[in-house]
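Asker: Sequence:
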Amino acid sequence: MIAGVSTEFTPPGPESFDLPPIINGVDWFTKPVLVAALTVVVIVWFFWSASRKAEVVPSKLQFAGELGYNFVRNSIARDAIGSQEYMKYVPYLCGLFFFILLNNVAATVPLVQFPTFSHVGWAYVAAVMSWVIYNAVGIRKHGVWGYFKHQTMPAGVPGWLMPLMIPIEFISNILVRPISLSLRLFANMFAGHILLLVFVLGGEYMVFEAGSIGLAGVGILTFLMGFAIAGLELFVQAIQAYIFVVLTAQYIGSAIAEDH
Numbered sequence: 476m477i478a479g480v481s482t483e484f485t486p487p488g489p490e491s492f493d494l495p496p497i498i499n500g501v502d503w504f505t506k507p508v509l510v511a512a513l514t515v516v517v518i519v520w521f522f523w524s525a526s527r528k529a530e531v532v533p534s535k536l537q538f539a540g541e542l543g544y545n546f547v548r549n550s551i552a553r554d555a556i557g558s559q560e561y562m563k564y565v566p567y568l569c570g571l572f573f574f575i576l577l578n579n580v581a582a583t584v585p586l587v588q589f590p591t592f593s594h595v596g597w598a599y600v601a602a603v604m605s606w607v608i609y610n611a612v613g614i615r616k617h618g619v620w621g622y623f624k625h626q627t628m629p630a631g632v633p634g635w636l637m638p639l640m641i642p643i644e645f646i647s648n649i650l651v652r653p654i655s656l657s658l659r660l661f662a663n664m665f666a667g668h669i670l671l672l673v674f675v676l677g678g679e680y681m682v683f684e685a686g687s688i689g690l691a692g693v694g695i696l697t698f699l700m701g702f703a704i705a706g707l708e709l710f711v712q713a714i715q716a717y718i719f720v721v722l723t724a725q726y727i728g729s730a731i732a733e734d735h
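According to this note's numbering, the sequence shown is numbered sequentially starting from 476.
Note that these hints are calculated values from the structure, not bench results.
Positions of the beta carbon are idealized from the N, C-alpha and C atoms, including for glycine.
Every clue listed holds true.
Simulated DEER-style distance windows between Cβ atoms: (1) Gly596 x Asn499: 18 to 24 Å; (2) Ile614 x Leu699: 51 to 57 Å; (3) Ala611 x Pro642: 20 to 26 Å; (4) Ile695 x Phe645: 53 to 59 Å; (5) Gly621 x Trp520: 39 to 45 Å; (6) Gln588 x Ala529: 32 to 38 Å; (7) Leu658 x Val619: 25 to 31 Å.
Take the sequences, apply the hints, and build the full model.
Answerer: Following this line, the structure appears as structure tokens:
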């Protein structure tokens, strides 16, 4: 309880992310589901509109679409996967990047203001999809035993060290990757948004519920700092989408590489 404040401030916490259903009786239809569905519609519309009337001299929309596609193809897929096989994975990586990016950026969009991946289940699903894909392409190329050997037996390691290296490499390359992928994305979206809630709601509370001009002034400053936090969060949202997709591409490249 702050002295001079009329009512007690309840800080935001994990319960702030438990949103009620949009339609009563339809428990699964919550804001994260709606945001995810809308981002899919936006992504499909954007790339369809950008490519349906492609010209040698591109329109602004075509230029934007090509810029986004080329960024994923050249700066992520080609650089991380390499070889001549990278093109077959570009559609997945491109869709994954823009899906994560738009769902993250939704946290700073007025009236939406919620990052889908602050619910860990969404991050788990994205990570499991990537895990299935890079393991599947690795097994298809090397075979089950060949892929297991490829991922757990580093080249150049003495044979007497293999009993120690195999379980370490198996845990690191097979088991831990989807967990680290998902938790990194979830933790950044959750922490960033809850920090923003603390500044905005705390500032609003001190401005409207404060019993003194001093606390009201602090509340205004706190509220304004929330805008700086929102800018920082926007940067983190883009970086986390990039990191997730870069790591996915690197895992695919490692899975199909000839040498470990």
